[in-house]
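K.L.:
Protein sequence lines correspond, in order, to chains A and B. Numbering of the first sequence is given in our numbering, commencing with residue 1 and proceeding in unit increments. Numbering of the second sequence is given in our numbering, commencing with residue 336 and proceeding in unit increments.
Please keep in mind that the hints were generated in silico from the structure rather than gathered at the bench. Quick reminder that beta carbons are idealized off the backbone N, C-alpha and C, glycines included. Be careful, since some hints might not be right.
Stated by the list, open to error - One side only, chain B facing chain A, incomplete, derived with CB under 7 angstroms:
(1) Q424
(2) V426
(3) G441
(4) Y443
(5) R493
(6) T494
Number of protein chains: 2
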Amino acid sequence: METKLGKQTIKFSMPPVITASAAVGGAKEGEGPLGADFDMIVSDDKMGKKSWDLAEGAFQSAAIELTLKKAKLKNNDIDYVLSGDLQNQCVASHYGLRETGIPFLGLYGACSTMVESMSLAAALVGAGYANHAVCLTSSHFCSAEKQFRNPLEYGGQRTPTSQWTVTGSGAAVISSSGTGPRVTHITTGRIVDKGITDINNMGAAMAPAAIDTISAHFRDTGREPDYYDLILTGDLGVIGSDILCDLIVNEGYDIKSRHNDCGKMIYYIKEQDVHAGGSGCGCCASVLCGHIMKEMKSGRYKRVLVAATGALMNSLTVQQGESIPAISHAVAIEM
Amino acid sequence: METKLGKQTIKFSMPPVITASAAVGGAKEGEGPLGADFDMIVSDDKMGKKSWDLAEGAFQSAAIELTLKKAKLKNNDIDYVLSGDLQNQCVASHYGLRETGIPFLGLYGACSTMVESMSLAAALVGAGYANHAVCLTSSHFCSAEKQFRNPLEYGGQRTPTSQWTVTGSGAAVISSSGTGPRVTHITTGRIVDKGITDINNMGAAMAPAAIDTISAHFRDTGREPDYYDLILTGDLGVIGSDILCDLIVNEGYDIKSRHNDCGKMIYYIKEQDVHAGGSGCGCCASVLCGHIMKEMKSGRYKRVLVAATGALMNSLTVQQGESIPAISHAVAIEM
Numbered sequence: 001m002e003t004k005l006g007k008q009t010i011k012f013s014m015p016p017v018i019t020a021s022a023a024v025g026g027a028k029e030g031e032g033p034l035g036a037d038f039d040m041i042v043s044d045d046k047m048g049k050k051s052w053d054l055a056e057g058a059f060q061s062a063a064i065e066l067t068l069k070k071a072k073l074k075n076n077d078i079d080y081v082l083s084g085d086l087q088n089q090c091v092a093s094h095y096g097l098r099e100t101g102i103p104f105l106g107l108y109g110a111c112s113t114m115v116e117s118m119s120l121a122a123a124l125v126g127a128g129y130a131n132h133a134v135c136l137t138s139s140h141f142c143s144a145e146k147q148f149r150n151p152l153e154y155g156g157q158r159t160p161t162s163q164w165t166v167t168g169s170g171a172a173v174i175s176s177s178g179t180g181p182r183v184t185h186i187t188t189g190r191i192v193d194k195g196i197t198d199i200n201n202m203g204a205a206m207a208p209a210a211i212d213t214i215s216a217h218f219r220d221t222g223r224e225p226d227y228y229d230l231i232l233t234g235d236l237g238v239i240g241s242d243i244l245c246d247l248i249v250n251e252g253y254d255i256k257s258r259h260n261d262c263g264k265m266i267y268y269i270k271e272q273d274v275h276a277g278g279s280g281c282g283c284c285a286s287v288l289c290g291h292i293m294k295e296m297k298s299g300r301y302k303r304v305l306v307a308a309t310g311a312l313m314n315s316l317t318v319q320q321g322e323s324i325p326a327i328s329h330a331v332a333i334e335m
Numbered sequence: 336m337e338t339k340l341g342k343q344t345i346k347f348s349m350p351p352v353i354t355a356s357a358a359v360g361g362a363k364e365g366e367g368p369l370g371a372d373f374d375m376i377v378s379d380d381k382m383g384k385k386s387w388d389l390a391e392g393a394f395q396s397a398a399i400e401l402t403l404k405k406a407k408l409k410n411n412d413i414d415y416v417l418s419g420d421l422q423n424q425c426v427a428s429h430y431g432l433r434e435t436g437i438p439f440l441g442l443y444g445a446c447s448t449m450v451e452s453m454s455l456a457a458a459l460v461g462a463g464y465a466n467h468a469v470c471l472t473s474s475h476f477c478s479a480e481k482q483f484r485n486p487l488e489y490g491g492q493r494t495p496t497s498q499w500t501v502t503g504s505g506a507a508v509i510s511s512s513g514t515g516p517r518v519t520h521i522t523t524g525r526i527v528d529k530g531i532t533d534i535n536n537m538g539a540a541m542a543p544a545a546i547d548t549i550s551a552h553f554r555d556t557g558r559e560p561d562y563y564d565l566i567l568t569g570d571l572g573v574i575g576s577d578i579l580c581d582l583i584v585n586e587g588y589d590i591k592s593r594h595n596d597c598g599k600m601i602y603y604i605k606e607q608d609v610h611a612g613g614s615g616c617g618c619c620a621s622v623l624c625g626h627i628m629k630e631m632k633s634g635r636y637k638r639v640l641v642a643a644t645g646a647l648m649n650s651l652t653v654q655q656g657e658s659i660p661a662i663s664h665a666v667a668i669e670m
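Just chain A, same shape as in the assembly:
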């Protein structure tokens, strides 16, 4: 039987293996510091489709295709695909994956979706329900910006705290056997709402959720921050990362020397003019499935804790004056 640790963590007795992964990015992501770690860079942000919305689905199609090719598996070999995205009713996933014929579990965790997806995929594989499950997600700057903020043509000025939604997708195959980094623990988050109402300051809204889940992970497992070579958040960006590192000290954990954030890593923050950094489901997904997996396989990192965070509002609730609930899910990935 599996071991439940504390309130929120599962420790796998037979840790599922990440046997393959792939990352697809847009032109701006290709020009960033991790450009070489993407499997595919797409210069046309419509990817030959008639809308950005459909293009985002095509990023997911490309990510799953590349990943399965690396894993030497066909659609028919996959037991489940778990995906979601930021578009209303998660349509990037539905249109992007509708031709795969793989049993599909739709998720919504905003920018925490990649880790929610890995958690459930690992749970399904770890329990013996599946041999292979694919987890993936995506985001697209243009589809997100018009849906959550303003039409691009409006040219609205961005605040200093705003983040740049990554155009990209990342996919991973989680398998019951094989070689690769293993998902050893999953820590499932709770919804946390500290009253932030500024839709242009996602980092501040999401940092308290990261504090809650990362602390729960340490409490549940008895591990200390120095167990990990890297404690990686999804897209807190510059401001949210500072809040996380400063305030998690109050919970008894100093993570500053080991922390990094996909939203800080994916762009040259100043040169690429992205204000507080990258964001979006595709940020964590593409950095994790591209750069981080490469660094784990090369031996640079042996133990990584990934805590992705999501802001769970929509544009209507914010206009109605509601605060922004957030969530963070974490997985421990070890060689």
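Based on these hints, arrange chain B on the given structure of chain A.
P.N.:
Frame of chain A; chain B shown alone:
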């Protein structure tokens, strides 16, 4: 270890138990034929909140509270809550559940969400990851109508094929032990898109997904339709149900004598002027968690196959001329 049957079905060696459930409905649902089977009928469709959007969250809060009361459990006893809804970015679930403090897994399966939620909750409990998981979902006529079609004040005329979104929520506790109906099998659906583009004919868009999943369930398990006392779909309504029963014969299964649909059961179709019947995540959730659970406990039904269906478009993709992908997930519930 668990048994994977065929491509899409899991058979649980230790079937998880539905130890409690509750249904909450609006005034129109209370006046329907199943009115007496709801645990709570709310006459104020804003439930004291300032918007319909927040009211839908309050339906979820009420449903989980009533269910946990029946199960004699507290929030702190629950390992996971799995929920989603039709509002953009699933905000009814996030605002409705943000104060529970329960580890939360957000799902998006449109109107298939209740069964997706039960499937994953049963999988988590069946594997020993959790003792108790709550699955729930909701819908609200007013929040759905303005988001997917027209503002209510516009008074748009409804087509004969249109369905009436149920205002309501249903919640169930799935536990590793206890008494009650058991989830013996889950069959996870694939995305099916047969090219339907009419947003006012959801039944036609979703019926092919129901055919695909129900056929897969019979194929995977070797069961025949007469194994079940009831084969229940979520919200195909009058038109979608006819399509399902007519076309599944081509797959070799005649289900007509055992089939019913929550969207046909919840309203007096003609007298309540609901055209093709009820729809929405809350339709399947409230009928299943109220009426069907009562009928199973009373002995009327011993074996029920529930296949909920969801339409996976959004209003933008339909305006862009895209067809409507759909999905159906099924669970076998047995006494």
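K.L.:
Work down the list of hints and note, for each, if the structure agrees.
P.N.:
Okay, the hints, checked on the actual structure:
1. Annotation: interface hint on Q424 of chain B holds; nearest CB of chain A at approximately 4 angstroms, less than 7 angstroms.
2. Annotation: V426 of chain B was flagged as interfacial toward chain A, and the flag holds, the nearest CB pair being 5 angstroms apart, inside 7 angstroms.
3. The beta carbon of G441 of chain B is positioned within 7 angstroms of a beta carbon in chain A (closest approach about 4 angstroms), and the interface hint is therefore held.
4. The restraint placing Y443 of chain B at the interface with chain A holds, with a minimum CB-CB distance near 4 angstroms, inside the 7 angstroms limit.
5. Evaluation of the R493 of chain B hint against chain A yields a violated restraint, the C-beta minimum of about 21 angstroms exceeding 7 angstroms.
6. A hinted interface residue such as T494 of chain B counts as satisfied when its beta carbon comes closer than 7 angstroms to some beta carbon of chain A; here the least separation is about 21 angstroms, so the hint is violated.
In terms of the numbered hints stated before, the structure departs from hints 5, 6, listed from lowest to highest.
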